[in-house]
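S.K.: As a plain string of letters, each chain reads:
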Amino acid sequence: AQKITQTQPGMFVQEKEAVTLDCTYDTSDPSYGLFWYKQPSSGEMIFLIYQGSYDQQNATEGRYSLNFQKARKSANLVISASQLGDSAMYFCAMSPPGRSNYKLTFGKGTLLTVNP
Amino acid sequence: NAGVMQNPRHLVRRRGQEARLRCSPMKGHSHVYWYRQLPEEGLKFMVYLQKENIIDESGMPKERFSAEFPKEGPSILRIQQVVRGDSAAYFCASSLGVKADTQYFGPGTRLTVL
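Protein sequences, first through last, are from chains A and B.
Each residue of the first sequence is one higher than the one before, counting from 438 in my numbering.
Each residue of the second sequence is one higher than the one before, counting from 641 in my numbering.
Some clues are possibly wrong.
[Stated by the list, open to error] Taking lysine-lysine and the DSSO-like style, the derived pairs with C-alpha atoms no more than 27 Å apart in a straight line are:
1) B:LYS667 - A:LYS540
2) A:LYS507 - B:LYS702
3) B:LYS684 - B:LYS702
4) A:LYS440 - B:LYS711
5) A:LYS540 - A:LYS507
6) A:LYS440 - B:LYS667
7) A:LYS545 - A:LYS453
Please keep in mind that the hints were generated in silico from the structure rather than gathered at the bench.
Since the model is a prediction, treat every value here as computed from it, not as a measurement.
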């Protein structure tokens, strides 16, 4: 079974600074996908970034980058130049390999607050 | 270019009533997934449907819950005889193909059971 752990219930960051949100995972499968989603106070789930387990490079999408350390089973999200609009819950998620790769497993989330 | 639509956004039911949650996938998407988010938890997979077929319902409670995705119209998640523990946010996602990186989520329906 797959498991996602987000150990930071809440994080604070000053506007314009960078912040790292931690995510560790547990799986015995060699092939998997890792995702980060943002959930603002309005409640919708917004896809941010994806990393495949065999991808050689760390994924980047604008101000978001995924620090993928396979040996440590970690997939931390780095947000550069934080903005007030980044204040939200952030969820790390994982997909299994093969025919069930649609079945995402989510962590409990980290509440990020960006201070002006 | 509408995204995934869910309605209602908020639903209040008394214990024992039925709840019907609707999801219209993105245009052209024929794969629908339902997830449940309990308070202070991450989302948990419930069911995966294609048009007129339930593909995987391994995450759905065996009793009181059912889902359908008819040939015409939205996907429906139905909860019969709701209990307080059913209070949660229910999210629908859709995809063009069967790949997790292309799942697009709707805004969710927040169910409150009194």
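S.K.: Now, for every hint given, state plainly whether the structure supports it.
M.R.: Consistency of the hints with the structure:
1. B:LYS667 - A:LYS540: Between LYS667 of chain B and LYS540 of chain A the Cα gap is close to 22 Å, so the pair holds against 27 Å.
2. A:LYS507 - B:LYS702: violated (37 Å)
3. B:LYS684 - B:LYS702: holds (15 Å)
4. A:LYS440 - B:LYS711: Not satisfied, since the Cα-Cα distance of roughly 35 Å exceeds 27 Å.
5. A:LYS540 - A:LYS507: The given pair, whose Cα atoms are some 21 Å apart, holds under the 27 Å limit.
6. A:LYS440 - B:LYS667: Since the Cα atoms of LYS440 of chain A and LYS667 of chain B sit roughly 32 Å apart, the hinted pair is violated (cutoff 27 Å).
7. A:LYS545 - A:LYS453: This hinted pair holds, its Cα atoms lying about 26 Å apart.
The structure fails hints 2, 4, 6 (numbered hints given earlier, in ascending order).
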